[in-house]
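K.L.:
Sequence:
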Amino acid sequence: MSTQNDQYKRVILVTGSNTGIGYSIAKLLAEKGHTVYLASRKESAGKEAQAQLKKDHNLDVKFIQLDVTDAASVKAAKETIEKAEGRLDTLVNNAGMSYMSEPQQASTISLTTIRNTFEPNFYGMIQTTQAFLPLLRAAPKGYACIVNNSTDMASNAHQAGPKGFIHTVAYNTSKAAANSYAIALAKELEADDIKVNLVTPGFTTTKLNNFHAGGKTTEEGASVLVPWALLGPEDKGKTCKFSSSLLVHRPTGSILLGLFWSDQGEFPW
Numbered sequence: 001m002s003t004q005n006d007q008y009k010r011v012i013l014v015t016g017s018n019t020g021i022g023y024s025i026a027k028l029l030a031e032k033g034h035t036v037y038l039a040s041r042k043e044s045a046g047k048e049a050q051a052q053l054k055k056d057h058n059l060d061v062k063f064i065q066l067d068v069t070d071a072a073s074v075k076a077a078k079e080t081i082e083k084a085e086g087r088l089d090t091l092v093n094n095a096g097m098s099y100m101s102e103p104q105q106a107s108t109i110s111l112t113t114i115r116n117t118f119e120p121n122f123y124g125m126i127q128t129t130q131a132f133l134p135l136l137r138a139a140p141k142g143y144a145c146i147v148n149n150s151t152d153m154a155s156n157a158h159q160a161g162p163k164g165f166i167h168t169v170a171y172n173t174s175k176a177a178a179n180s181y182a183i184a185l186a187k188e189l190e191a192d193d194i195k196v197n198l199v200t201p202g203f204t205t206t207k208l209n210n211f212h213a214g215g216k217t218t219e220e221g222a223s224v225l226v227p228w229a230l231l232g233p234e235d236k237g238k239t240c241k242f243s244s245s246l247l248v249h250r251p252t253g254s255i256l257l258g259l260f261w262s263d264q265g266e267f268p269w
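In UniProt numbering, the protein residues as written are 1 to 269.
Don't read these hints as lab results, they were simulated from the structure. Certain hints may be false.
Listed below are the simulated DSSO-like cross-link pairs for lysine-lysine, each with C-alpha atoms no more than 30 Å apart in a straight line [said to hold, decoys possible]:
| id | residue 1 | residue 2 |
| --- | --- | --- |
| 1 | K62 | K32 |
| 2 | K75 | K187 |
| 3 | K32 | K75 |
| 4 | K141 | K83 |
| 5 | K75 | K62 |
| 6 | K47 | K9 |
| 7 | K83 | K55 |
| 8 | K42 | K9 |
| 9 | K42 | K75 |
| 10 | K55 | K9 |
| 11 | K32 | K54 |
Since this is a predicted model, take the numbers as computed values, not measurements.
Make a model of the complete structure from these sequences and hints.
P.N.:
Listed below in structure tokens is the structure:
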């Protein structure tokens with residue numbers, strides 16, 4: 001990235017950032033000097049996370065209450081940032097639920113579990129994205145980014161293979177649906193130079209997977225997403241990507257659209 005882009009200080013909103021990967025994303029971005037809004041559904045949890053960043057790392061982030069499933073909460077958060085900043089440069093859609101502690105086999109899964117999972121992961125993500133689009137359009141041309149925290153488990157090609165995650169149906173399908181929406185959004189917003197990308201941090205040990213052992217730390221997972229939140233005018237064309245590795249810089253003409261990036265190579269959605 002250019003020196004100009006490195007020096008530009010962004011206004012960034014990270015949803016669901018009071019814990020886990022979202023918390024680490026907020027931390028890493030604040031360390032770079034950006035204005036970071038740490039969003040949390042619960043005010044107490046969000047303010048506790050804000051205080052922890054100050055205490056442990058001497059970082060100042062701004063707390064904002066935001067429940068992506070609540071239209072009034074989303075509207076209030078948008079109006080707060082609009083009044084304080086006048087724009088939003090980067091939206092990181094990180095909030096989500098997995099319900100992995102509940103049975104999720106395709107033949108028997110409860111429709112309630114499906115609906116509860118889709119509410120934040122799909123409908124809430126769309127509601128939040130649409131609400132903040134006017135502020136993203138107010139960012140300097142070329143700097144506006146939307147980054148969705150996705151998952152390997154959203155890849156239909158991966159699901160169809162021998163290592164597919166067949167026992168997490170609600171989570172997989174909600175994230176696959178979110179990917180499909182983001183592809184359409186990326187193509188629509190490309191003319192406005194608003195970049196939309198999907199990034200999987202890879203297997204990371206978090207509350208989302210009941211702290212399953214053996215994964216990356218949250219900071220390691222967050223470091224995969226952060227470069228995509230800082231794309232600038234020189235990164236024109238880096239949109240509609242599904243990445244699982246650190247941001248790969250290639251000549252624009254050689255970047256293939258519609259592929260899921262992996263450390264081992266490329267495979268289709």
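K.L.:
So which of those numbered hints doesn't the model satisfy?
P.N.:
none
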